Amino acid sequence: MSATRSTPAAVVPPAPPRAPAVGPPAAPPGRPRQRSPRRARLGPYLLLVPALVPVAIGLGYPLVRQFVLSFQEYGMAQQFGRPAEWVGLRNYTELLSDPYVWGVIARSVAFCLVNAALTMGVGIALAVLMSRVGRVARMTLQVGLLLAWGTPVLATMTVWQWLFDSQYGVVNWLLAEPLGMTGMRQHSWIIEPASFYLVATVIVVWMSVPFVVFTVYAGLLQVPEECMEAAQLDGATAWQRLRYLALPMVAPVLLVVALLQVIWDLRVFTQIYVLQRAGAPTRETHLLGTFIYSLSKEFSMAGAMATIMLVITLALTAFYIRRMLREEA
Amino acid sequence: MKRVRTSGLAAVGVGLLLAVAACSGGSETGGDSGDAEVRLWLAGTDTPQELRDYLVETFEEQNEGATLVIEEQDWSGLVPRLQTALASADQTPDLVEIGNTQSPTFTYAGAFSDITDMVEDLGGDQLLEGFVEAGTVDDSVYAVPYYSGARAVFYRKDLFQAAGVQVPTTLAEFREAALKLQAAAPGGKPNFSGFWFPGQDWYNGIAWIYSHGGDLAVQDGDTWVGALSSPESQKGLAEVQELFADATRAPRDADSAEPWVPFNNGEAAMFSAPTWARWSIDLPECNKGVAADDESEQAKVLLAEQQACNEEKTGVFPLPGEQAGTPATVFAGGSNIAIPAKSGNQELARNLLEIIFSEEYQTMLAENGLIPGNSSYADALGDDVYAQAARDAALGAKLTPAAEKWAEVEGARILEDFFQQIAGGADLAEASAEADQLIADTLN
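Protein sequence lines correspond, in order, to chains A and B.
The first sequence lines up with residues 1 to 329 when you count with this note's numbering.
The second sequence lines up with residues 1 to 444 when you count with this note's numbering.
FYI, nobody ran anything at the bench for these hints, they're computed from the structure.
Hints are not guaranteed to be accurate.
Distance condition first, Cα-Cα at most 25 Å in a straight line; then the derived DMTMM-like pairs of lysine to aspartate or glutamate [stated by the list, open to error]: (1) B:Lys180 with B:Glu242; (2) B:Lys405 with A:Glu284; (3) B:Lys398 with B:Glu173; (4) B:Lys405 with A:Glu73; (5) A:Lys297 with B:Asp138; (6) B:Lys405 with A:Glu298.
None of these values were measured; they are calculated from a predicted model.
Whole structure, please, built from the sequences with the hints as guidance.
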């Protein structure tokens, strides 16, 4: 559950420990092979332990527990001591035979793909812009992005909620007063699912773009100047240099950022939850995150749904993960 | 260069895992309930400090060596917090306040101790009836009423006069008054509401269902069925829909929170809220411009004047029922109090419960504007218009159905969605049938 509840846009990967995925080093040539080959092979794995233990405790345990729960009947009564009954696949069949659940899944996947694509598009565009403009403009952009990113989710949400408030919101006021669209004076932006998702998309993209911009910008800085210059001399236009030179060179970065966006946008929770509480019709606007939370009184159901979501996430990202693993090899 | 990038890539992956792992590491502050430390969880800020002090002093006086710690819990998210805390002997409080509509969920789960033998002592038949019911399973009582607060209607006297409207004495008259105020729109504000009635406000809306004899859900043998489609409920809902359409301009995406904001802005002639809303009324013509942090004597005088001015321009009445002179059956808000089954201090918790139901403490609750759990002390509420309105409204007040899983209906926001649909002009019969189905699916 914890994974679905944490806020996607605000999670900042901390400074990473050194690459654990690097394979066992080949024995250096010239060294006699028979000298404690086992220790040489074990060493790197031992170094993995400090990283693996917290992951196993923090992520593995809840995951296993969720998995086990999803095959039981486990609610409030069980938590207070009644024995939990094994029900096999009942939770899954019940969920997957409900057309409403499929609706939620379809909505979530669509929302996730649209948001991830928009975020990537806007993010790359801004990153390119940042690498072209002068110092002052770049600093302004960076500070602005950093602020948008650094503001706590709930504070951001409160501001957006005020902006789109149907009675006293600035957006409606702007539309009605200076622009003369008097019909928008009391317009509710979140009462129709379509416009609810529009508002949610604006907010989610707003909060995820800075991460993409900074990462891609850092990647672009690594593109060797001489390559670009050579291309320019050969008569490549700016667009061609970007499309055929810079972007392919930072492709690994784009790949991992896109992967993260897909994962984050699929389990988006806070933004949707807050907007729902602001007065949207709850049932019609559930996405996977909020839907699982709404099931959480029946832990077993929530567990089953979370497992289904995990499968969807893996399916959506299989392509990326396969490619990533191939590059590691 | 590629080497650097790809290993960085993996590193980001692990970093992400660590970040996710860190998220799940939220720890509860485990309270070590030693031999003689009793922990009481109060919900929200409704219990004033003076009452808390009284509890601590009296309890520690009567129970040598024992200490009482009062911890305040926020209403929002209370259910999930109790869900985890009550299930653990290490973390559970020894006495806990819980929303009346939430208590069946926990009593059925076996989270509370049986206190049937104490009921007679605590007030017997004088205890608020619906609340005891919400805390009872199979004739055993697990939770008893702490206090109740009923809703009353606040109105602007000047706007009533300008529109030529009298204080209504029946529900039908209330409807007429609201429609007339809406049509007259005295004060000339755009988006004026005769009666402030936002689209998700089912707390106020169910008064019409209850007053016409309808219900949200009824028990049929072992199963619960939604009752919104019953003829009685439909009659009430038809009136609700008319009010939504022709007596209010409140947004459909708002709920019962802070109804005094539009009222203070002159954008509404009436709103319905618990009677303590009187302290939130702040009409511009009465405002003395005292800074919020000004604590001088002069400021206090000005604030008192301001309050008097506000209360002079505002009136209050209990929502009237179908017959003149009777109050409508409104929703009874309030809370229950119970002893968690896993608490290691059962005896001490019982002693504390007795103090809470003592004449002195019940009287103090009433003096602070709350209807006390033992209704025989409700006289201490006083005689002003607010106390009278509160008492009249509470007389007929009714709770949500005492179903084991009612809290889930609220958690799923089925009624918010339903009232919003009605406010949007949805077909009554169709929307009701759909909501009934959802309620039944959730409760069974």
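To see whether the hints hold, each was checked on the structure:
Restraint check for B:Lys180 and B:Glu242: the C-alpha separation of about 13 Å stays at or below 25 Å, so the hint holds. Pair hint B:Lys405 plus A:Glu284 holds up; C-alpha atoms about 22 Å apart against a cutoff of 25 Å. Proximity of B:Lys398 to B:Glu173 is assessed by CA-CA distance (about 22 Å); at most 25 Å being required, the pair is judged to hold. This hinted pair checks out: B:Lys405 and A:Glu73 have alpha carbons roughly 15 Å apart, not beyond 25 Å.
For the proposed pair A:Lys297 and B:Asp138, the alpha carbon gap of about 23 Å is at most 25 Å, so the pair holds. A hinted pair counts as satisfied when its Cα atoms are at most 25 Å apart, and B:Lys405 with A:Glu298 qualifies at roughly 11 Å.
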